[in-house]
Structure formats: C-alpha cells, structure tokens
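**Q** Residue numbers (numbering that gives the first Met the number 0), protein chains in the order written: chain A, 0 to 170; chain B, 0 to 697; chain C, 0 to 100; chain D, 0 to 516.
There may be inaccurate statements among the hints.
List time: in silico DSBU-like cross-link candidates among lysine-lysine, alpha-carbon distance up to 35 Å [what the hints assert, rightly or not]:
id : chain 1 : residue 1 : chain 2 : residue 2
1  : B       : Lys595    : D       : Lys159
2  : D       : Lys111    : B       : Lys26
3  : D       : Lys313    : B       : Lys622
4  : D       : Lys27     : D       : Lys111
Keep in mind that the hints were calculated from the coordinates and are not lab data.
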Amino acid sequence: MNAYDLAFYLLAAMALVGAAITVLSRRLVYAAFSLLLAFLGVAGLYALLAADFLAIAQVVVYVGGILVLLLFGVMLTHRIYDTTLKSVRVQPLLGGLVAAGIAILLISVAWNTPWNTTHEIAAEPTTAKIGEAFMKHYVFPFEFVSLILLVALIGAALIGRSRTPGSGNGR
Amino acid sequence: METTITTYALILALPLVAFVVQVFFGKRLPRGGDWLVIGAICIDLLLSLRVFFGALFFSSFAGTPFVWNLRGWLGDAGTGVLALSTGILVDNVTAMMLVVVTSCSTLIFLFSTGYMAGHRRYSLFFAYLSLFAFSMLLLVLGNNLIALFMGWELVGLSSYLLIGFLFEEPVVAPDIVPASACKKAFITNRIGDTGFLLGILTLFSFTGKIAYGDVFEAVRNGAFGDHTTLLTVAGILLFCGAMAKSAQFPLHVWLPDAMAGPTPVSALIHAATMVAAGVYMVARLYPLFTPDALTFIAYVGAFTALFGATIALVMNDIKRVLAYSTISQLGYMVFGLGVGAYSAGLFHLMTHAFFKALLFLAAGSVIHAMHRAYHYAGLEWNPRSRENDAQDMRNMDGLRKAMPVTFATTAVAVLAISGVPFTSGFLSKDMILGGAFAFGFVENPQHFLIPVFGFAAAVLTAFYMARLLIMTFLGTNRMAERGQEALRESPWNMTVPLVLLAVLCGWFWYNPDPTTIFAKGWVSSFLTPPASAVPQTLVAAPADAHHAAHVAAMLVSLSCAGAGFFAAWMLGRRGAISLEHWRLSGSRVYYLLANKYYVDELYNRTVVAGMVQVSRILGWFDKVLVDGVVNATGRFQTGLSELSGFVDRYGVDGLVNALAGFVRDTGNEVRQIQTGRIQNYVVYATVGLIVLIVVTGM
Amino acid sequence: MVQLPHFLTVSALLFAAGVFAVVTRRNAVALLMGVELMLNAANLNFAAFSRFSHNSLDGQIFAMLSIVTAAAEVAVALAIVLNIYRNIETIDADQAGDLRG
Amino acid sequence: MSNILSWLTFLPLVGMAAILVIPTRLRKSTGLIRYVALGTTLGCFALAAWLFFAFDRSSSAMQFVENADWIPYFSIRYTLGVDGLSILMVLLTQIIGLVGVIASWNITKAVKGYFALYLLLQTGMTGVFCALDFVLFYVFWEVMLLPMYFLIGIWGGPRKEYAAIKFFLYTLLGSVLMLLAILALYLNMQAPSFSITAMADPANFRADGWLVRNMPTWFFGLTPKELVWLAFFVGFAIKIPAFPFHTWLPDAHVEAPTAISVILAGILLKMGTYGILRVNFPILPAETVHFATFIAVIAVINIVYGALCAMAQKDLKSLVAYSSISHMGYVMLGMVSWRNEAGLNGAVLQMFNHGTITAMLFLLVGVVYDRAHHRRIDGFGGLWAKAPVFSSLFVVASMAALGLPGLSGFISELLVFMGAFASHRVFAVIASSGIVLGAAYLLWTIQRVFMGPLNQAYAEKDAMPEISPREIASVVPLMAIVIVLGVYPAPALNLIGPTLGSLLQTMQSAAGAAILP
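Only chain A is shown next, with the shape it has when bound in the complex (with noise of 0.2 Å):
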C-alpha cells in the first residue's frame, strides 16, 4: 500500500461517509454539512485522478457556489425557531433496496468489466490543456453551457424574486 492508495482510501471514505450522513442524517442542516465533506472528498478523487482543474473547479463551484447556495435554502425555507428542521423519511426500505440493487449492479460492473485501461501516463497540469480545448475544439459547447447558465441564474432570480403587493398584479 503506497501512499497513493492510502490516500485514495481516506478520500474515498471521507466522500463516502459525508454521503452516507448526508443521506441519512434527518437534520437538514447536518446533511448540508456532510454533504460538504463528500464534495470535498470527491474533489480530493479528482485531484488523486490528476484532473487538478476539475478538483479546484469541484471545491469552489461546489462547495463554495452550490453547498452555500442549499444552505440558503435550508435556512430559508425553515423558520428560526423550527427547532426540528428535519426532513422526514418514506418507504426507506424500498429506497434502501433500490440503492443496495443499484449499488450492487454497479460495483459488480465496475468489477467484473474487462476495462481496456491504459498504464500509468504521467500526469501533468491539465488547466491550460483544459482551457485550449475549451477554446479551440469544444468553443461551442462551452459557449452554449455559459449561456444556459446565464438564462438559468436570471430565470433563477426571476422566481425567486420576492413579490411585494405593489410590484404588479400578481396574486
């Protein structure tokens, strides 16, 4: 076991364990907070995978853009003095299958597939590699993606916007 791996283990059980609070923590602002852990964890898979990009972009889109932003919306969305601020859940034995079954099938696909895997290229920064591809070869993606962003954050503030009485006439 070389350092490598033992990383990759503490990452991977870090992801793991903050999705596992995350998904059965029945307080939301817990789950909020462990889903920080797993992000970071994956963001820290990310960088072991040497996409160095992807693992800066995963911290501070996720955690610092998405997680606050649910966070809001946890606080937002519940009172101050609703002390319980828990979220109730249904038929877990149904879901508790359904993602056993998921879980299985997947890993036993991940195990059992003859991955045609290449060894071991070194790895080197990615960013401006990432930022050339952007540009040159995935310029319209990149563009379209940026636009949908634009559309959803203005739509996004749009209806989230608060109507006051004398704003229109709306009900």
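Place chains B, C and D on chain A using the hints.
**A** Relative to chain A, chains B, C and D alone:
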C-alpha cells in the same frame, strides 16, 4: 260617348283605395274617414251615371260591348290555361248594375253616418262598406267567369264581416247571434259557390275558355256536342251559386239571420245589391241556360217567391219581415228570368233595389228611434221576451206622428213593392207576372204552377206589407210616456236618403206611361235578352204573346194587390193585424210559418249535426285507429327490441361484460401504482433499469 | 494498487446514496442534495475514465460542463422551491400537487 | 355569381359556425346570436331575391348548374341546379327561413344551440331543393332530419320526446325506402351515375338490367320498376304527409316550437310532393301513369278526411296541422291531372302558397299561445275586441287558407280544380266538398276564438296584449306575398311554366291514349 278603361279602372280603384286607407288610417282621420269612403263612392256614382247615360242616350254599347283584357294575368305563356286573361266587360246590363250599385251605396253610406254614429268601430264599418262596393263592382265589371267568381266570393267576405260586425253582442234580435249568423251566411254561400265553381269547371273543361264571349261562342259552336244534358247540369250548377247568394230555397236560410248586421248593411247588401248578384249572374250567363235549366230556375224562383211571402206574413220582427220579403222578391226576379222575361227580371232587380233599400232604411230609422226612446226611458231589452224589443212591430204602433218623413217614404215603398200603379214596382212586377202568365197559362200549360205561385205571392206581399205599415205607423203608440217624449224623427243624413229613394220609386223614371199599355219604357229596349247559345232553345215567347197576356196579367195582379190590402185593412180595423189571436188559437199553420217551416231545424239536425258527428268520428278514428296502428307498430317494435335487448344484455353482452370486468379489476389493481408521487416513479424506473440490465446481462 | 474499479466503486456507492436520498426524502432541499450526489458520482466516473484511458481530457471537459449545468440546475431548482414555499408554506414535495393532472 | 346555389346552400352553415364560436359567457351573447342568425337568413333572402330576378323564365332547363367531382370512386358528383320545379321552393325556403328567425326571437332556452341547429336545418332544406345528384340529395335530406329531431325534442312542448321520436322514425323509414330505391336505380345505370337528370333519360339504363327487363316479381306481382316507384312514393308520401302516413304531423306540429312548426308546414311538407315531381315523374313516368288514379284517390282522401278531422280538433295547432293535410291533398290531386297545364301549375303553385299561408297561421297561433299559454279553441272567445290587429291578421290568414279570391290560395286551388276536373271529374267533384269543409272549420274556429262575448279570462287590461311589432314583422312579409300572388299570380306562374310544360309533355306521352281525349 266613348268610355275608356280609365273610367272603369277608376270605378274599381276608388273604393279599393278608400278601403285600404280606412283599414290602416281610418281611426286617425277626422270623422273616422267616412267622408273618404262616401267621396269615393260619389265619384263612382258620377262615373257610373256617365257610363249609363252614354249607353242610354248614345247607345255606346249597342252591338259591341266595351271589352278590355289584362293580358299576362296568369302568366306570359302563349297558349293553354296560363294564357287565360282577365278583364272588363261593359254593356247595358253592366251599366245599369253600376248605377244601381253605386246609387244605393251612396245613399246608404250617407244613411250610415247617422245610424252608426258613435260606434267604436265606426271607421272600420266604412272600410268594410268600401270593400263591399269594390267587390260588387268587380263582380259586375268582370268579363269572365273567374272574375265573376272572385267578386262573388269577395262580396261574400264583406257580407260576412258586416254581419259579424256586432260580433261581441251575444244576441241582437230573438235567436240571432251575429257570431254564428255570419258564419252561417258564409258557409251557406260556400255551398252554393262550390256548385257555381263546378259549373265554371264544367264549362271550362268543355270550352277551355273563361271569358263570357268566348264561352258563349264555343258553346254555340258545339263545344258540348251531344252532351246537352251536361250543359243543363252546368247551368243548374251555376244557378246553385245564385241560389245561395240570392237566397233561393233551399239555400235561403242565411238571409234572415244576416239581419244580425247593422240595418244599413241589411239594406245595402242583404236587400238591394249583393243578393241581386245571383240574378245578375243568371242574366249575364243567360245564353248558356238550356230550356230545362231555365224551367228549373223558374220553379225554384216561383216557389221561393211564395215560400218567402208566407213566412213574412207572421213575422213580428220588422227586419225579419223585410228579410223574407226580400227572399220572396228575389224569387220574383229569378222566375222572371226563368220564364224568359229577361228584361223584366233585371228591371225588377233595379226597382226592388231602390224600394227595398228604402224599406230597410226606414226600418233602420224606426229602430234607431225606438232604441233611443227605450234608452231615454231607461228600459232594457231582455232578449228572452218581446218586451222593449226595438225591432218588434208589436211594440211600435202610431209612429207616424213622431216620424212623418219615415212614415211617408215607407208608405211609398209599400205601395211600390205591392205593385200599385204609379210606382216603379208596378211596372217591373207587372212585366214579370205578364211573362209568367204567358209562359204558364199560354205557352206551357203544364207549368201553370209558376204563375199561380207568382200571383199568390203578390196577394201575400200586399198583405204583409200593409200589415207592416199598419203595425208600425198607424194606431196609437203604447210606449211609456217618458219614452214617447224621446221618439222623434231621425236626423237629416238619415232622412235625405229616404226621400231620395222614395223619389226613385216613382214610375216616371222608368216609363212615362204608368200603365205600360201605350209605352214600354226604356228598359225593355235597353235590356234586351242576348241570343241563346244553346243549340235547341225553348221557343222564345213571341213578343205579342207577352203583350196579349200583359193586360190580363195586369188586371189579375192589380186585383191581387187589392185583395191583399183589403185583407190587411179588414184585420187592421178589427185590431187583429198583429195576428196574435191566430197565434193564441194554437193553429198549426201559424206555428209552421212562425218557425219558417222548420228548415233551420232540419238543417241543424241533419246536415250540420251530421257533419259535426262525422268529423268527430273521423277525429276519433284518426287518433285511435290510424295513429293507434302506428303506435301499436311502434310498441310491437319496442317489444321486439326489448327482447333482442334481453338476449343482448345477458347473452352477448354478458361475455363482453365479463371481459370488461376482468380488465377493470386488473386495472384497479394496477392503478394503485399510479400514486402521482415522483419518488415512486424513480423507484420503478430504477427497478426497471436494474431488471433490464440484469436480464440483458444474462 | 488502486485501479479504475476502485474509483467506480466509490462512484457507485455515491450514486446509490443519491438514489436513496431521492427516493426516500420528502424535503425538496434534501432531494436536491441527493441529486447533487448522483451528479458527483457521474462526474467522478468521467474523471476516472479520462484518467485511465489514454489520458484524454474529454472526460474532464464533460465533467466541467456537468458541474456548470448542475450549478444552473440548483439555482433554478432552489428558486422554484423558494417560490413554492412562499405560496403554500411547505416544501414537502408530496404536498405540492397543484399541477397534478 | 356562378356559385349562387352553393352560396345559398352553405351560407347558413357559415352562420352556424359563426354562432358556434360566440362564447356564451359573453354578455349579450344571446342578442348577438340572434342577430347573426337574422343576418344569415337575410343574406340568404337577398341571394334568393337575386336568383328570382336572374332566373331565365323562358327556359325549361336546369339553371345555375354547378357540377364537380365529389366521390369519383362511386361516380358521386356534387351537382346543384334549379329549374321551374325547384325555384319556387328554394325561394320559399329562404322566405320562411327569415320569417322563422324573427318568430324565434323569444326562444330563451339554449339560444346558441337552437339557432345553430336552425341554420343547419336551413342548409339541409335548401340543399334538398337544389341537389341534382341522388347521393347529395339524400345527404341533405338526412342533414335536415337531425336538426329537426333536436329542435322538436329539446325546444318542444310537453310531449316533445314522443313527437320527435315519431317524426324521426317515420322520416327514417321513408329515407330508408328512398335509399333502397336510389341504389336500385344506380345499379342499373349503364355508366355508373347518381345524377337525377341522367336517370330521367331511359337510354342511360342498362338494357339487360333487371330494371329495364321489368319482369313481375314475387311481391304481389309488381314489377321492379313499380317497386322502385312505390319505395320512392312511400318515402315521399310520409313527408307530404299522405293518408295513412300522416299521423306524425299533428303530433310534431303541436309539440314543436312556433318557428319549427312554421318550417315544418311551410317547407318540409313540400319536400314530399317536390320529391314525387322531381323523381317519380321524370324517372318513372310509365309507373306514375299506372299509379295516377291511386294518387288521386289518396289526394281526395287527404282533402276530405283532413278537413273533417280538422273540424274535430280542439287544439288550434292540430287544427292547422290537419288543414295542412287537407291542403296538401290539392297538390297531389293537381299533379296527376295531365289533361291541361292547369293541374301541374296549380300543384306547384299550391305548394308555394300553402307554405306561406300555413306559415302565417302557425305564426299567429304561436302569438296567441305566447299570451294565453294554451291553445284550446274553446278556451278563447271574443278576442277581436281585445286584440283587433291580431284578429284581423288571423282572419286574413284564415281567408287565405279557405281559398278566398284575391288571396293566393284561391288561384292555386282554382288551377288544381281546373286541371283535376278535366282529368278526374269524379274525384274533383268529391274534392270540391273540401271547399265547403275548409270554410266550415276555419270560420267555426274564428267564431269560437275571436267572436262572441269576450272570455272573462282575458277581460283584464293586460291579459291578452295586442300583437307586437316583431310578431307583425314576421307575418307581414308572408301576407304581402299572399295578397300580391292572389291578385297577380303571373310572377310565380311565369317561373314554373316552361319546366312544368315539358314535364307535362313527358307525362302526356307516357300516358298516351289513356289520358288524352
């Protein structure tokens, strides 16, 4: 003196326009628009007089009548039925009729302004009168059978409307209900008209023509060939129309009831003009009548003359007496034509129009006065008794002092109708009786009954007319003091027509020689009988035969009139002129006459009741049997369908239902899955995915 | 030696956790968290395949795009959730049935 | 205006579509719907007026013909056209349609549906009179049937369901027979065609077909042609309605709303006689001659029996309904009188005149019903004093119905008699009793309803209000036509003359020596 179509178009149009204006605007016009109607008819009278004098003095129609055709009336087709045209024909007969109609109308319209004053449908009354004048003129002026028939039915309509004018009154005289009297008149006339129409159709089917001249021509040229019997039948069918319109037995029943109309109407329509239309029609179609048909006509006329006179003997209602008198006089005209005294019949039409109109108007004047008196005295008429009945002669007596003009003019008319020398009636009646005398006693002794009936009727006429005069005007009035105060002469617009009509009852208008021995007057040369179109006509009575019979007939008829007057005078002297003692004696003859020979009862029990009964039975038949069959068929089919429905429901449908039930139950089970919760769907999708992968992976 | 299947296993477990959350949670925000977990699992797969096969960058690029899309999705979804909450005072996904046919 | 007939036929359909898109929630939508219907019928009326003036009166041929493929596989064509036989009916349809809308103004129940169905009905009626292809004819015939069913069944009186079903079943039976007959003709054509005009030419039939060979069949020994003739005749006779198929009529009339009664009597009945003249006469002339006496007998029964039944009626509407039966008898009597032109011309003119006159009577009965809410003849009395204008109109309409000269009914009845007396003398004489009976039941009705002392039920001031201007407006156009044609019938007779002349020649040559003297 040439006349143009403009004259006749004007004559026809004026009353029509007056009618239309009256109907729509009458109420809004000053005086209810009576001046409009009277003005129209006055102009008509002037135009008619011009036509008449042109014919009389300048012989404008000698040989060639005025004919005008309206082409393209039915259509523009060149041949066949649709090429038939209508039009106007004017000859001496027409000219005379025009004058009679318009002059009577003018005077009676004038009289109506007094008689109908204050009635709430005053303007409508004049509208109807104007409609009548138009229809009557159309009848007279038409040049073909269809136009004659149209005018014929239209006068029937105006008669209907005017008889029913007082429709809201439950009863206007004993037993007379306006609402049913007008219906009776129309339907009775319709029966006659149907015969008339069939006669027209017979003529048309043989000749293919409708214009008088064309029809005569075709018949003369043998359109009927050997079917002379059919020609006779056609004549009798045509005469059916005259029987109804001129109230000849057995279709006379409507005329006495027609007295339900206001008295001027009775005078104009049911005495002077319309009822004479039948006579006019017989005269107009004279060439078509075969000897057999004419004999039939003569018998009907003679019988009616006597029949009407006998009933008139015992009537107490003044208008009823005059109504039966009219029936009787019309009988005179008809049998005059029947026996070949063509000009005499038409002459009597004219003189009768004036003196009968006068009698009716005088009666109207009397009734008017009586009404006013009763009203003033606060006496009400109870329809169930004769007490306070303004039309009952037994309540009158001695009106001559209060109503001198009415009395004097009535006396003139009574003399005229009885055939007393120096009156118009003497001249015309004498001519008819002379013709009948020659026909029945000289030429055809087997038909002796015709003159016998005629002379008998003359006796009775003199009697009942004298009775009318005595009961109404002579003696002393027995009305209550208060009523007597109110009894007075009618206003000028009612008396002037009386006087004018009385003047027209003089002899001098018709013949300067009151005896007709030395001069025959203009009538016999003006109204010469047309040449017969019938193949073998009855040998026309030679003029001298008529003339030979003339003096004898005159003597007989004079003694007849004298006998009648004498009898009336005798009874009057004994105070028995009201015939009350006869009634009280319970004589069967009296009751037979007073009940008008029970003809009405006979019709009501047989024809009317029969028709109503048949219609009830057929109505029941239709509802129960014909419709019943339909409904039974329907019910049978409903049963069939129910049977098949049963099989369907429990046989065929059972299977289907079982299947459907299975599907439904399964569906109910499966339905549980559809929760609408998205998470369940995720589960299903995932499970499905797993199963799919596992299965394909294996 | 950590190889591709190890990464895939982690990804599978993350995904299963995400599915479990999506299936069992009633709270809309928690649901969203599950969805994010599933997305992360997918991104992890992208990165892993990218690393172990010819070291091409395509997988990473896809993952990038996916992250951005997820960001957009979360933004919109949260806005909707907020709106629902404002209107019906709950974010229980079962209760928001107004649009159910 | 080459498509005038299509316009005329389908304009009501356009109006119907317009009515259907008017939302009922709209304020004043009822008024809008009414005015759309009125506008549509007015438009039809204007087109009809144009047609009247543009029609060539000297020709006996089909005019304004439109001919197009419709279903080429079965040789079904879209053929429209009018000749002297149908022009009067087309005009009548537009007039009655217009009048009916005015009379429907007081409908308040489901106004939208009512007028939509009403306009659909008008399309069907106009189409029947214009169609020259049997399939088209049949389609229009059925199109007319359905709205009628609903109009009686929904807007009718107390027994509306019974009446509507009865009407529907009767007419359906008729149309089924008609369809069979149409197919029989079609299957025997040399070149497949449903054209009514083509079928009038015997050369177009297959010489070896069973129809032309015409051997007696097992069915009472009747030949195929006679069977086809009878099938058509029964189909049409139900519509006339001829005795004994008439019992749907009084029920339908009594239950139907006023305007629908008007259409029923004014137009639908004419389709029966129109069909016989259009189909039976030119296509099967020899059989028509064979059955002429039979028709005449039915005609006389209709006249006398209808009149006597009318006298027994206690309900004003059923009285008018039975009088329709009686008057349609004149049409049948006239159309089998071939000695001269009068019979056929009289028959077609009588169809038109009866349409206007009976429509008038039904309108006026509707007026009195609206006020009194009953129609019992004995339940009135003395109304003349209360409502003089209304009463005068009713009397004029009655006079027209009983054939008073000066009004149009007289001319047509006279022509019928002029024809019938020459051809069927005995029947004409029996039928002439209808003149007296007609006067009897109508005058008796007038006496009981309008004359005599005022019925105390209506003595109050506003118990029997005078006829309203709208109601007058619905009656007056018809009355004007009745009076004008009564005084001067040439405008109508000129339209129909040439066509009927050639039809008469067909019949005379078919009848041969049997009919000519």
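**Q** Against each hint, give a clear statement of whether it holds in the structure.
**A** So, going through the hints one by one against the coordinates:
1. Lys595/B with Lys159/D: violated, 52 Å
2. Lys111/D with Lys26/B: Between Lys111/D and Lys26/B the Cα gap is close to 43 Å, so the pair fails against 35 Å, i.e. violated.
3. Lys313/D with Lys622/B: Given that 35 Å is the threshold and the Cα spacing comes to 13 Å, the pair holds.
4. Lys27/D with Lys111/D: holds, 12 Å
This entry does not satisfy hints 1 and 2, going by the numbered hints stated previously.
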